[in-house]
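Colleague: Sequence:
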Amino acid sequence: MVSVSALLAAAATVALAAIAPTPVDAHGVLLKPKAQYGGKNGNSPVAKLESASVLPPLAGMSYRKTPESNTEAFTAAFQAANYTSLRQFLTAKLPSDVDPKCGISQLGEPQPLPEKVEFGFRPGEGFVENHHGPCEIWCDDTRVMADANCARNLNVELGKGPVKLAYDKAKCAGAKVLSFTWLAVHLSRWEVYVYCAAVDGSASSGGDSNSNGSTARPVITPSPRPPVSLRPTPRPSVDDGKTRAPTAAPTPHSTQKPTESPATRTPAPSEAPSADADSDATKPPSSAPPTPTPTPRPSKSCGVRRSAE
95 MVSVSALLAA AATVALAAIA PTPVDAHGVL LKPKAQYGGK NGNSPVAKLE SASVLPPLAG
155 MSYRKTPESN TEAFTAAFQA ANYTSLRQFL TAKLPSDVDP KCGISQLGEP QPLPEKVEFG
215 FRPGEGFVEN HHGPCEIWCD DTRVMADANC ARNLNVELGK GPVKLAYDKA KCAGAKVLSF
275 TWLAVHLSRW EVYVYCAAVD GSASSGGDSN SNGSTARPVI TPSPRPPVSL RPTPRPSVDD
335 GKTRAPTAAP TPHSTQKPTE SPATRTPAPS EAPSADADSD ATKPPSSAPP TPTPTPRPSK
395 SCGVRRSAE
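For any residue, its number in this note's numbering is found by taking its place in the sequence shown, counting from 1, and adding 94.
Honestly, I wouldn't trust all of these hints.
As the list claims (entries may be wrong) - As a list, the in silico PhoX-like pairs of lysine-lysine whose alpha-carbon atoms are at most 20 angstroms apart:
| # | residue 1 | residue 2 |
| --- | --- | --- |
| 1 | K210 | K142 |
| 2 | K159 | K210 |
| 3 | K210 | K254 |
| 4 | K128 | K142 |
| 5 | K128 | K270 |
| 6 | K195 | K254 |
| 7 | K195 | K128 |
| 8 | K128 | K258 |
| 9 | K128 | K187 |
| 10 | K270 | K210 |
| 11 | K270 | K126 |
| 12 | K134 | K210 |
| 13 | K258 | K134 |
| 14 | K187 | K126 |
| 15 | K254 | K134 |
| 16 | K128 | K159 |
| 17 | K159 | K270 |
| 18 | K258 | K210 |
Keep in mind the hints are simulated off the structure, nothing from the lab.
Keep in mind the model is a prediction, meaning the values are calculated, not measured.
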């Protein structure tokens, strides 16, 4: 006869099994588009990599600290190694029997491209909170989304999942396969998650928020500036008096003292314009006689003394 305590224990075990997460809920699933696994455990890592062997940390950094610190160490070593994508890195480091594009996923019937790719763990959860590390979304061989720490930067609050990942949907036009890759580096032995699903990219339309085609700043070409006209100062030697307004001849000013020696003044240029009707009318009368007769200059010393007296 079965005891009451044994029955109660069995009932408790069944109840716990009903509410506990199954292996399928181990780390997360690709929900939209929905990945298929053919009965396999698609949510467990497709591979685990010994971090120090596949990508040695830089000097002074380590993969044995906090999840966030490990992610920073991975990012630094990843960039120093000149990898261009997470897929490129995993293609080089995964075992040959692991598909870096689909993992253990199986392509089923094509699904419409979603507005956002959805990924989640248990109901209402996105990424496992401490599973820090990079992730990418690809349409065929075109990367359409990437982030260096998806669990930290793109996650949602518990109970508000799944996480909805924005991607460049316009670049998925004509695509056949959408892939999601995630590398959790919270431990020194990294966990690789790869999912894929068949999609119908023929129905893809542009206008995704990640596309930068409409945000390019226009190139403004300045119009040519008109040439600056510098007006030369008219010179008497080239003025013929016909096409220019009459120019006053450089004769001695009327303010000069009559006693000034003619030898110290420059005589009027011989090429000055001939007398015009307007010239005499507009110029002030000159105090100098038409034909000044030079007079002997008085002695400077005597003249000064007399004026002082």
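Colleague: Check the hint pairing K128 with K270 against an upper bound of 20 angstroms on the C-alpha distance.
Modeller: holds, 14 angstroms
Colleague: For a C-alpha distance cap of 20 angstroms, please report whether K187 and K126 respect it.
Modeller: violated, 28 angstroms
Colleague: Does K210 lie within 20 angstroms of K258 when you go C-alpha to C-alpha?
Modeller: holds, 6 angstroms
Colleague: Under the criterion that the straight-line Cα-Cα distance not exceed 20 angstroms, is the pair K159, K270 satisfied?
Modeller: Violated, at about 40 angstroms.
Colleague: Does K142 sit within 20 angstroms of K210, going by the straight-line distance between their CA atoms?
Modeller: Since the Cα atoms of K210 and K142 sit roughly 28 angstroms apart, the hinted pair is violated (cutoff 20 angstroms).
Colleague: Is K270 within 20 angstroms of K210, Cα to Cα?
Modeller: holds, 17 angstroms
Colleague: K159 and K210 were given as a pair; does the straight-line alpha-carbon distance stay at or below 20 angstroms?
Modeller: violated, 33 angstroms
Colleague: Please work out if K128 and K142 have their alpha carbons no farther apart than 20 angstroms.
Modeller: violated, 24 angstroms
Colleague: Taking only the CA atoms, is the gap from K254 to K134 under or equal to 20 angstroms?
Modeller: Violated. K254 to K134 sits at ~27 angstroms, over the 20 angstroms cutoff.
Colleague: Decide if the proposed pair is consistent with the structure: K195 and K254, CA atoms, cutoff 20 angstroms inclusive.
Modeller: violated, 28 angstroms
Colleague: Does the alpha-carbon distance linking K134 and K210 stay inside the 20 angstroms limit?
Modeller: Violated: K134 and K210 sit about 26 angstroms apart, past 20 angstroms.
Colleague: Between K270 and K126, is the straight-line Cα distance small enough, at 20 angstroms or below?
Modeller: Answer holds: K270 to K126 is near 15 angstroms, not above 20 angstroms.
Consistency with the previously given hints fails for numbers 1, 2, 4, 6, 9, 12, 13, 14, 15, 16 and 17, ordered from lowest to highest.
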